[in-house]
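Protein chains in written order, with this note's numbering: chain A, 1 to 744; chain B, 1001 to 1232; chain C, 2001 to 2086; chain D, 3001 to 3086.
Some hints could be false.
Facing chain D, a subset of chain B residues (Cβ under 10 Å, in silico) [said to hold, decoys possible]:
1) Gly1054
2) Leu1057
3) Ile1062
4) Ser1066
5) Met1069
6) Gly1159
It should be emphasised that the hints constitute simulated quantities derived from the structure, not laboratory data.
Where is the CB? At the ideal position from N, CA and C, for every residue including glycine.
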Amino acid sequence: MTPELVADHGLSPDEYERVRRILERDPTLTELGVFSAMWSEHCGYKNSRRLLRLLPTEAPWVIQGPGENAGVIDVGDGWALAFKIESHNHPSAVEPYQGAATGVGGILRDIFTMGARPVAVLDSLRFGDLDDARVRYLFGGVVSGVGDYGNCVGIPNIGGEVVFDRGYEGNPIVNAMCLGLLRKEELITASATGVGNALMTVGARTGRDGIHGATFASEELSEGSDESSRPQVQVGDPFTEKLLLEASLELIKSGAITGIQDMGAAGITSSASEMAGRAGNGVELEMTSVPTRERGMTPYEILLSESQERMLVVAEKGREGEVKAILAKWELEAVEIGHVTDDGRFRVVENGVLVADIPVLPLTQGCPTYEREGVESEDIVRLRHTDLSEHLIPEGDLTKTFLLLLGSPNIASKRWVYRQYDTTIRTATAVRPGGDAGVIRIRGTTRAVAATTDCNGRFVYLEPRRGAMIAVAEAARNLACVGALPTAITNNLNFGNPLKPHIYYQLREAVLGMAAACEAFETPVTGGNVSLYNETDGRAIYPTPVIGMVGVIEDVSTITRHAFTASGDDIILLGTNTEELGGSEYLYVTADLVAGAPPAVDLDAERSLQGAVLAMTRARVLHSAHDCSDGGLVCTLAECALGDGESPLGVRVKLDDDVRPVGVLFGEAQGRIVVSCDPAHSEEVLRIAALHEVPAQKIGKVTAAAEGFSIALRAASVSASVAAMCDAYFGALPRLMDTPAREI
Amino acid sequence: MKAAVVTFPGSNGDFDLREAVQWVGGEAHIVWHRERGGLKNYDAVLLPGGFSYGDYLRAGAIASLSPIMEDVVAFAKAGGPVLGICNGFQTLCEARLLPGALIRNEQLRFEGRDIRVRVERNDTVFTTDYRQAQVLAIPIAHGEGNYEADKATLERLEGDGRVVFRYVDARGEPTEESNPNGAWHNIAGIINEAGNVLGMMPHPERAMEQILGSTDGAALFTSLVSSLVESA
Amino acid sequence: MSRYHLEIRVKPRPGLLDPQGKAIHGALRSLGWPEVDEVRVGKAIYVDLDAASERDALDKATAMCRKLLANPVTEDFEVALAGARP
Amino acid sequence: MSRYHLEIRVKPRPGLLDPQGKAIHGALRSLGWPEVDEVRVGKAIYVDLDAASERDALDKATAMCRKLLANPVTEDFEVALAGARP
Ligand SMILES: Nc1ncnc2c1ncn2[C@@H]1O[C@H](COP(=O)(O)OP(=O)(O)O)[C@@H](O)[C@H]1O
Ligand SMILES: [Mg+2]
């Protein structure tokens, strides 16, 4: 075992020593591969585990917290919701279509292995600036990969985000989230109980794809990685996934199995050892029994293959035939490859000859974890303290700036994206993508669940703790806007190389911010995913802790949407306008600048605001509610007016704040929601706001589209035709993406 | 009225279709494609949307060769009503129960959104509860819905009035902008000569309740149920 | 019985719409190849099978095309041998 | 300048999963061809263009594959002449 070989496997000399101590001898190559995968960042959370312990994970409604394939919460009437988010950043950087598709496939499996039927997908995406041909290729490929996979399996997409910023050039972020519903009593976990029970692989065959994927996901991308990572591309097969989904749910219902886990990162190795670990048991696997796609695969390759659409199940002794019959009905294979043992060892044999023999717990839980040094980068401190006052003085026409912003890819309608997704399959989508949060009703009840993903990476970059708080606050606000009570989160920590002190600082601060906000909103963390080393040639992405939040709606008749519905309605602003411009889209678009401090966030005030909006939706006094975020108040009002473009309306607003126009219009002050209501209900809306101690002011009226969009401030005004706004807002992405040239 | 929803590996609209029939008071059962011989116990056969066999060769191609399709053909030949939605339409074309083919959308992208179609005929068993020329808002969700046939077939379809649904704009006009996939003559749905086999790309079963965005699909199922109750 | 390796090409019929060909044509022109005059996109299907003879292998492939691989409404096909390995 | 007719075949790289091929394989077997051992599906792209010579036509086609027609991460390609018509 040479030091080079050890290093190639991503293990430090110390870690290698630890392996030797655990085995009390040198590892074989196969064993080295097994440790390498299990102790990679992806599986072992070396650099993040200690930080993750800081997150709140408990609440009376949490049925399953972190540690299983997905978190599960109680959503009432006997129903439970399983949900989780997962990243596929590195594979998508190499092959956007397959990378994104297999990302969706993986997260679906995490959900249905809990016994839940997947009911919705969300996708949170980030790329470099769209003027770059490679970025357009990545964006186009990722969107069709997300779409084709989910569409084929038949899971509606109900939301997500797309952000374009130089900060993600070369290293896109592709996070997919899935929600699944199950009856509480149907929950099953991934553990290998029952000594003597059979371990069976079900689904697709094992090929050479993705070998070393787990280690690969934990290494920085560099110039050459296009070449070297080619064999690691995995191809998704959504058709097989659909069959596997149906077969798995049927298997779980049959009671013939006691545990089931997706073969995700590190394939058979991680699923078998983790299932054994959870049950305190061991496993023995026979490599020659594993059905392979190619001839001559070695145990090393079989153990580490990340071929998609495979599961490991533990069959009740004597019921293996039943398992096979269920799989056969769905035209899939189930093959016994080993059994559960009582000696706590992960033992692998090939034709009966031992090729790996490792104690399970040190393998699955003995991965060394590190607390690194974290120091904030001086450059970022300087950036945060940039004086932005000159930007508060408008340069040129405010209306022009407004239209420019409305057509910036970050703010423009993402219709081009979600029209490639099936959003209505399963006939449960009450709020489709395009609003603040997606909503799925629960058939046979009056209930629904809502979900959103959020994170403004610029804010986190400029001040990680505050930025992470904002991400959680925005997610909760988005849920409140549709009438859902924020209930729990999953999260995806997308960061750079944690061995660099300023990156570790970002990671720690962001986790602390997330923890504080989750405490404040009583939205515990039930799971998540960590994706580190998101760097290209030494340059890290913006730290991006994507928050996937779910909420519960008790009565679907209180669901509220973001678009104005009727001319003559009053427009009421909840919250307070400020002059904060730090990290805003306005600065990025007009001055090519990412600087300043992110806007202040007051968690108590946020909580009151959410409470107020929820009370309003429950009182059924609102016609619409939309949270203020990217692009500020003026873009929020525009989004409310334009809706999905089918029946846009106009707006006449007059603002009287003692705040400079640029700040009011484009600043991204937190804690604001724009609602509209029948004038007969305005009093009640204002009363509920006062009751919750939320500042509220009537700022104007919804008008007919023909009357245009006008905002008068003390000393300035914005006024545009609805047609010009539609063109900017809906036309932007198609104009950028539907040009034929698509270079690879 | 008792309907069979025939599902293939990869079908995913079976559940929605069953719910839709039940929503209007009919009875519907999911029939797995390997269950031969049972269709004669049903009053209608419905082929759902989805991606049978992944649509990996051509949409609906492999499903159209599944043995149960012989039963479906026999059911149709005997005059029983057969409805194919989306992948079901594609399968009916591949099985030659309907003429033409559905090729890739002109823009080469999957399209999932609400569109409008005009009811071109309200005298079929599937459309009696619609008004003639009524404009419906219904979701589509497909990548291969671009209806194509040779010139003679198209002329015959139009001449015989066998186009049942056509993509239109808000004013009810079949414009280029209102065509979501490049289909010839904005064709969204056609019927066979005998008038008992309908194929359509839009999803009426997803437009049954206001909370889902539209109720315009419901009349298709009420039409079917009431015409079968009458004929029974 | 020998193992035959067949190449089947399925091509959109002349005169019928080929959205993919059209899009690729446009893309090639805008990428700097104005000299491209037409593009059609079909499928290449590689089938390995056991057959008694070349004739037999080709006949089988033709039957497969008629039954499944090509849609006679929109597509033409060609069948060719790519090599036999005993 | 002459008009050349090129045939480009784009094929999934060996070792990569080919879900299309797998599904078609399954279908062919159940339709009565158990002797089929493997199916892989690629694209056949037919390009007509003007070029100075055969060499030139082939070079152009190769460049098109590199730039647009084939995905270097997942696909291999072959370029062939199907005939020149002056
Ligand atoms: N990748 C995507 N997939 C699906 N829906 C998306 C995607 N990106 C954006 N959307 C939808 O577009 C709308 C606007 O997105 P965004 O501006 O990020 O929302 P907000 O600022 O309200 O959180 C949301 O409804 C969102 O769900
Ligand atoms: Mg927004």
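Status of each hint after checking the structure:
1. Gly1054: holds (5 Å)
2. Leu1057: Hint holds; Leu1057(B) Cβ to chain D Cβ min 6 Å, cut 10 Å.
3. Ile1062: holds (5 Å)
4. Ser1066: holds (9 Å)
5. Met1069: violated (12 Å)
6. Gly1159: Hint violated; Gly1159(B) Cβ to chain D Cβ min 34 Å, cut 10 Å.
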